[in-house]
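Sequences are here, hints too, so could you generate the full structure?
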Amino acid sequence: MSDSTPSQQGGGQSNGHHNSKIPRVLACVLCQHRKIKCDRNTPCSNCLKANVPCTPSTPAPVRKRRRPNQDLQERLARCEALLKQYANTSGPLPDGINPSPNPGTPASSVLAPSQLPYTPGPISMATAQSMSSAAASPTPGYNLLPSAPTPAEDKSPKPWKPSGKLVVEDGSVKFMDSHMWTIIHENVAAMRAIVDAEAMDEASPFASDAPTPDDNVDLLLNDFASIDLEDVVPSPVQIFRLWQVFLERVNPLSKLVHVPTLQPIVVEAAANHRNVANNIQALLFSIYLISTITMSETESRQMLDMSRNEAIKKFTIGVKSALTRVNFLKNYDMTTLQALVLYLISLQGRYNRHAAWVLSGVLIRIAHKMGLHRDGETLNLTAFEIETRRRVWWQILMLDSKFALVSGFNDTLLPWGWDTKIPSNVNDADLFPGSTEPLQPREGPTEMIFCILLYEIGKFISQNRLPDFEEVVLLGQGPEPGTAPGDSIRASLDKYNAMIDGLEERLIAIEQRYLDISAGPTHLMSSRLRPMILDKIRHMLIPMRETPEWGSEVFNVQDNIFRISLFHQEHNLTYYELQDNQSFLWFHKLHFQFEVFAFLVGQLYQRRQTGSLADRMWHVIDKVYMYHEELWDMSQKQYSELAAFIVRAWAKRERALTSMCIPFDVPVCVPKLQDRVPQPSSGASSNGPSPAQPGHMEMPHLNNGGAPHTDGQLDFLGNFFDNSALDWDMWGDMGVVANGNLGSSGPTTSQPGTASGVFSSFGNFGTQPPPPRW
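Going by my numbering, the sequence shown opens with residue 22, and the numbers climb by one from there.
Source of the hints: derived by calculation from the structure; they are not laboratory data.
Since this is a predicted model, take the numbers as computed values, not measurements.
A hint or two may mislead.
[Unchecked claim] Ranges between beta-carbon positions, derived for each pair: (1) K105 to P699: 33 to 39 Å; (2) G465 to V288: 28 to 34 Å; (3) D249 to I57: 33 to 39 Å; (4) R676 to A519: 46 to 52 Å; (5) F481 to F453: 30 to 36 Å.
[As the list claims (entries may be wrong)] Capping the alpha-carbon separation at 25 Å, the derived lysine-lysine pairs in PhoX-like fashion look like this: (6) K70 to K56; (7) K644 to K693; (8) K70 to K58; (9) K693 to K673; (10) K442 to K390; (11) K480 to K390; (12) K644 to K673; (13) K105 to K56; (14) K390 to K334; (15) K693 to K658; (16) K334 to K658; (17) K644 to K658; (18) K658 to K673; (19) K58 to K105; (20) K335 to K658.
From the three backbone atoms N, C-alpha and C, an ideal C-beta is built for every residue, glycine too.
So, in C-alpha cells, the structure goes:
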C-alpha cells in the first residue's frame, strides 16, 4: 500500500532533483484503532462517515541507537585471541597467561566453559569452529589458564583423555568426545555436501526437511494444559487392547509397574478416564504410547482404527498434556516418574538424541530428589517400595547410559554416590503393597530374568569406566606389533578381554540360577542377551592387523570402523531373524542404528564399490529394507536422501563390476528405490547379468513395525560401546488411590492375518503372556 496520495507521488517525482523530503502522511488515530484503511486525507472519509473529529496520529519516537558495549567487545576480542593462540602451534602467549610448568601435561583437552573468559550470549558459529579446530590442533607444552605447579613426584603418564569436538548442528553447538562419532560425522557431512552441490544445479528431488511431529516433544516450554484429554483418550475396547499389548511386549522387558496393582485402575480408566488422578493418566498415556510403538501399521489399523503414526501423535499429546497438568518438575512421585521413564523409552529413534539425553538428565535429578539413589533397605522402607524404587532407578540408569553414548560421549557419565541394589529375583505376585515382611528372592526362573541380566551389564559399566576404550580399540591399533607402543596397546586389549571374560562369567552364573528357556518367550530372549552384547564387544577387541581383511580391505582406522559397524549391522539382523516370538521384535527394531547404516551407505558410494565387505554390506541393505518398512517413506527427507545415495552407490558398483567382468545380482530393493527416487543422470540402469526384477519386495509377516525415525539412535542392548551415532538432520512415552494421586507405595501376539483373534473377547484380559512353566 502506498504511503502517500497520488498527488503527493506526482509531486515527489517532479521535484526529485530537490533534496527536500516529503513528510510521510500517517493514518489517523481512529483508523489505526479500528485497524482499517485510511485514505490519509484531512479529514479522512472514515471519520466523516463516523461524524467524529479526525485526529492525525503522531509517529513513534525514534529509538535511540544502543552504544557498543566496550567491555563486551574487549572480552570477545580476548577470547578470540586465546582461541587463535590455542589453535596456533607457535608464538608467545598473551600477557597474563603462564605456560604450564609441566611440559608433559597434554593440552589438547577442550576448555570447560568455566575456564573460558566470560562471553555472554550464545556462542557464535565462528567461535565454535575455532574451538573445534583448537581441539584438533593442540599447542604442546601450554595450558591456556594459569595452573598450580605440578608436584615433582607426579611424573606418571596421564591416562588418555579425548580432546573432544564442537560441532555446529541444526544451528546449535554440540560437544562430543568420541573419535568414532567424529569420523562418521565428517563422512556424513561430506555426503551432505554432495547433495547440497547438486541441489544448486537442479531442483532438489528430496522431501521437505520441515520438522516432523515427533520432533515437537518438548515437555518444558510448550503449553499442553489447555488440551482436553478426552479428545485423545482411546475407547474402552482400545484401552483393553493396548493394556494387553503392554503386558505381552513391554512389561517383560521393563518391569516398571506392578501389574496386580495397576490393572484395576486400567479397568476404572476404561469406564471413565476422568475418574483417575492426573498422575495416573500420565502413566496410562505412556502405556498407550509405548504399546503403539510396538505395533505394525496393520496392527494399528486393526486395533486402533487409525494409522500407526496418527496413534503415536495422539498418545504423545496425551502424555505431554497429562504431565503438564501434573506439573512434574514440582509435583513428582513414583507414578509420574514411571510415566516419564516409559515416555523416554518410546522416544528412542524418534527424537533428537541430544535433547533426549538432556531429558534423561531431568529424570536422574527427579530420581535423586526422591532418594532413589539410596537403597530402600537403608531407609527402612517396605519390601514393595524397595523393589519398586530399584526397578525404576536401574531402568533410568540404563536409559541415561545409552543416551549419553549416542549423544557422543565416551564415558556414560553415570552419577556417583549411589548404592541402590539390582532388583530381586521375584515375580509381581510376590509383592504386596504395605507388606512389612522381608522379601525372600526366588531361586529359579521368574519374570525378572531379562532385567536382572540387563542391569548386571549396567553394573559392570558403572563399576568399570573405560575412558580410553575407544582410543585402544580404534586409535591405538596403528603401532607396529613388537614396538613399545604396540606392546602397550596389546596389553590394554588383553586387559579388556579379561574384563569381558569376567562379565561373561557373572552373566553365566545368573543364567544358571534363574534362566529356563522352556519358561516362556521372555526367557528365550534373555538367553540371547549375553551373546548379543559380548560378541560385538569381542569383535571390536580384535586387533586390526589380525583381521582377515587386513592388507586387502582394511588399511587404517576408518576402514576398521567400517568393518566393525558392518559386523554390528549383520549381528543385529541375525537377531531379527532369530526372534521366533514376534512380540519382542520391536525391541530390536526400535534401536536400529540408522546413522551408522547411513555411514556405511556413504562409504559404499564414496570408496567401496567392490570387495567382500562391500558384498556383505549390499546383503545388509536388502535385509534392512525388508524389515524396516518405514525406510520406504520418501516423504521423510532422511529416508529419501538415503535412498538416493543407495541408488547412486549401486550405479557406481554396477559400472565397476561390469568393467571387471564380474557377474552380479541386483539387490531386491534397488529397482524399487530407482522407481521412487529421481535419477540424477543416466547410466545407472541395471544391464548386468541379473535376475528378473520383482514387482514388489517380499516383506515377512511382522507384528511389530519399526519406529518412525527422525533422528539418531543406537542399539539399546547390543551397543553400549558402539557410540558412533549421529544426527541425520545434519545430512539431508502404585498403589491405592489416595488424595487424588497414586502413591509410590501403593500398588498376544496377533495371529498372522488379523489381530482380532487375541482381542475378540476379554476372557484373557490382564493375563500375563504365556503362563510360565516353572
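Going through the hints against the structure:
no., hint, verdict
1, K105 to P699: 33 to 39 Å, "violated, 45 Å"
2, G465 to V288: 28 to 34 Å, "holds, 32 Å"
3, D249 to I57: 33 to 39 Å, "holds, 36 Å"
4, R676 to A519: 46 to 52 Å, "holds, 48 Å"
5, F481 to F453: 30 to 36 Å, "holds, 32 Å"
6, K70 to K56, "holds, 16 Å"
7, K644 to K693, "holds, 14 Å"
8, K70 to K58, "holds, 14 Å"
9, K693 to K673, "holds, 17 Å"
10, K442 to K390, "holds, 18 Å"
11, K480 to K390, "holds, 22 Å"
12, K644 to K673, "holds, 21 Å"
13, K105 to K56, "violated, 54 Å"
14, K390 to K334, "violated, 31 Å"
15, K693 to K658, "holds, 17 Å"
16, K334 to K658, "holds, 19 Å"
17, K644 to K658, "holds, 21 Å"
18, K658 to K673, "holds, 23 Å"
19, K58 to K105, "violated, 56 Å"
20, K335 to K658, "holds, 23 Å"
Of the hints listed earlier, those the structure fails to meet are numbers 1, 13, 14 and 19, in rising order.
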